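Undergrad: If you're matching positions, the sequence shown starts at 442 in my numbering and goes up one per residue.
You may find that some hints are simply not true.
Claimed, not checked - Lysine to aspartate or glutamate pairs mimicking EDC-like chemistry, simulated, CA-CA at most 16 Å apart: (1) Lys562 with Glu491; (2) Lys481 with Glu502; (3) Lys570 with Glu447; (4) Lys481 with Asp534; (5) Lys563 with Glu502; (6) Lys496 with Glu447; (7) Lys570 with Glu502; (8) Lys570 with Glu560; (9) Lys563 with Glu491; (10) Lys545 with Glu519; (11) Lys481 with Glu457; (12) Lys562 with Glu480; (13) Lys505 with Glu447; (14) Lys505 with Glu480; (15) Lys545 with Asp518; (16) Lys505 with Glu560; (17) Lys570 with Glu491; (18) Lys562 with Asp518.
Think of the hints as simulated: they come from the structure by calculation, not from any bench. These numbers were taken from a predicted model, which means no experiment stands behind them.
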Amino acid sequence: IIIPSEQIGSIPRQDELIAAQQSYRYGMISRNQLNILREKAIHTTIQQLEATGSKIITDGEQIKPSFLTYPIYALADEYYTFSSNCFALTFSDGHQRSLPRLVKSPFRYATYAHTYVDEAKKHTNLPIK
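Using the sequences and the hints, build the whole thing.
TA: Put into structure tokens, the structure is as follows:
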């Protein structure tokens, strides 16, 4: 029996990208260096999904900081703060995602979803979801 399926959502990030994100967070590498590794991760993910015969491709959310905060992440230092009393979601495997507190109005987005779709389109001619 063949059950048609396609990948949706996140794909675990490569160790190299995880290490780069941590290095960037602590000022050890530049944003440009991080972006080079992000680009590589998107390219690799899309190539691997194409190799499976997928008809529709995803970037695996390789460069989103978090599915919850990606629209506001670029504004975090100026408009938002994270603290221990902010709302947090706990997932079944125990990991958490926190939502920041708005400290400067107005609420607004910095990044829209099409940004990630546009980036993924650079690496494939297949439809992106």
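Undergrad: May I ask which of the numbered hints given earlier this structure violates, with the numbers listed in increasing order?
TA: Result: hints 4, 13 and 18 break, sorted rising.
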